[in-house]
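There are 2 protein chains.
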Amino acid sequence: MILLDFDKGNGLVPAIVQDYKSGKVYMLAYINQASWKKTLETGEAHYWSRSRQEIWHKGDSSGHVQKIKEIYVDCDNDTVLFKIEQLGGAACHTGYETCFYRKVGPEGEVAIVGKKIFDPEKVYKK
Amino acid sequence: MILLDFDKGNGLVPAIVQDYKSGKVYMLAYINQASWKKTLETGEAHYWSRSRQEIWHKGDSSGHVQKIKEIYVDCDNDTVLFKIEQLGGAACHTGYETCFYRKVGPEGEVAIVGKKIFDPEKVYKK
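So the sequence lines, in the order shown, correspond to chains A and B.
Take 4 as the starting number for the first sequence in this note's numbering and just add one per residue.
Take 4 as the starting number for the second sequence in this note's numbering and just add one per residue.
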């Protein structure tokens, strides 16, 4: 089993999340050893939530689970790439298809270019 | 100008690097405030080298500069996505087209699936 280098990132390794069909980059999240194991075991993306300080099964509250299609590891074992099928069609908690829905212009200004798929107020009920 | 959140990562923000045409994810690198500014000013990717602790103009020793085509920022301003044109055809210092040239199998084992473009011994001379 591949040994990821969790030391460089204080126990965390960044996971780049990409749609397995379109190649769109959806988000970046972090995994720890436990969420890495859970992801391999279940075939669904599990991360480490830095804000809540807990294992985060993506889609637990929204239903928008990420089905793992392929996993790649980089040359120095400190980043992984998840190619996934995004249930619900949107990865971002804002309702946009991708977290990278804003484009940066030459002066560093931003413009919204992404597509909104759902209304977060309806998806994330209390 | 967009204010990236450099605080969460101790002064660094991860940059996902993707080929602007094929959509292949090439690598993950880190930027600090100075390399972010340099990238916007020059249109060529500049990173922060964590191992050398210095600004790293990608391609300086190999000639394999990354021309910035588009930049996106994520929903909480703590990750950027560089869509680039990779001069020399390979982003990884190993000579592979992408740093993610190894695929992880169901048991966590890895297999080389990437394409080797150059011989690093010839490109990185002393």
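Treat the hints as calculated values from the structure; they're not laboratory data.
Some hints could be false.
The list makes no distinction among identical chains, and a pair is therefore deemed to hold if it is satisfied within one copy or across any two copies.
What the hints assert, rightly or not - List time: in silico SDA-like cross-link candidates among lysine to any residue, alpha-carbon distance up to 20 angstroms: (1) K27 to T45; (2) K41 to K118; (3) K118 to L90; (4) K119 to N13; (5) K72 to K125; (6) K70 to Q56; (7) K106 to H67; (8) K119 to W59; (9) K41 to I5; (10) K41 to P109; (11) K40 to V126.
Here's how the hints hold up against the structure:
1. In this homomeric assembly, K27 and T45 never come within 20 angstroms of each other (Cα to Cα): the closest approach is 23 angstroms inside a single copy and 26 angstroms across copies.
2. Taking the shortest Cα distances, K41 and K118 never come within 20 angstroms of each other, neither inside one copy (31 angstroms) nor across copies (30 angstroms).
3. Within a single copy, K118 and L90 get their C-alpha atoms as close as 16 angstroms, which meets the 20 angstroms cut-off; across copies the closest is 31 angstroms, which misses it.
4. In this assembly of identical chains, the alpha carbons of K119 and N13 never lie at most 20 angstroms apart, being 34 angstroms within a copy and 31 angstroms across copies at closest.
5. Within a single copy, K72 and K125 get their C-alpha atoms no closer than 28 angstroms, and across copies no closer than 36 angstroms, so neither meets the 20 angstroms cut-off.
6. Proximity of K70 to Q56 under the C-alpha cut-off of 20 angstroms is found in neither arrangement, the shortest distances being 23 angstroms within a copy and 37 angstroms between copies.
7. With identical chains, the CA atoms of K106 and H67 are never at most 20 angstroms apart, being 24 angstroms at best within one copy and 25 angstroms at best between copies.
8. For the homomeric pair K119 and W59, neither the shortest alpha-carbon distance inside one copy (23 angstroms) nor that between copies (36 angstroms) is at most 20 angstroms.
9. For the homomeric pair K41 and I5, the shortest alpha-carbon distance inside one copy (15 angstroms) is at most 20 angstroms, but the shortest distance between copies (36 angstroms) is not.
10. In this assembly of identical chains, the alpha carbons of K41 and P109 lie at most 20 angstroms apart only when taken from different copies (12 angstroms versus 41 angstroms within one copy).
11. For the homomeric pair K40 and V126, neither the shortest alpha-carbon distance inside one copy (28 angstroms) nor that between copies (37 angstroms) is at most 20 angstroms.
Taken one by one, the earlier hints fail for this structure at numbers 1, 2, 4, 5, 6, 7, 8, 11, listed in ascending order.
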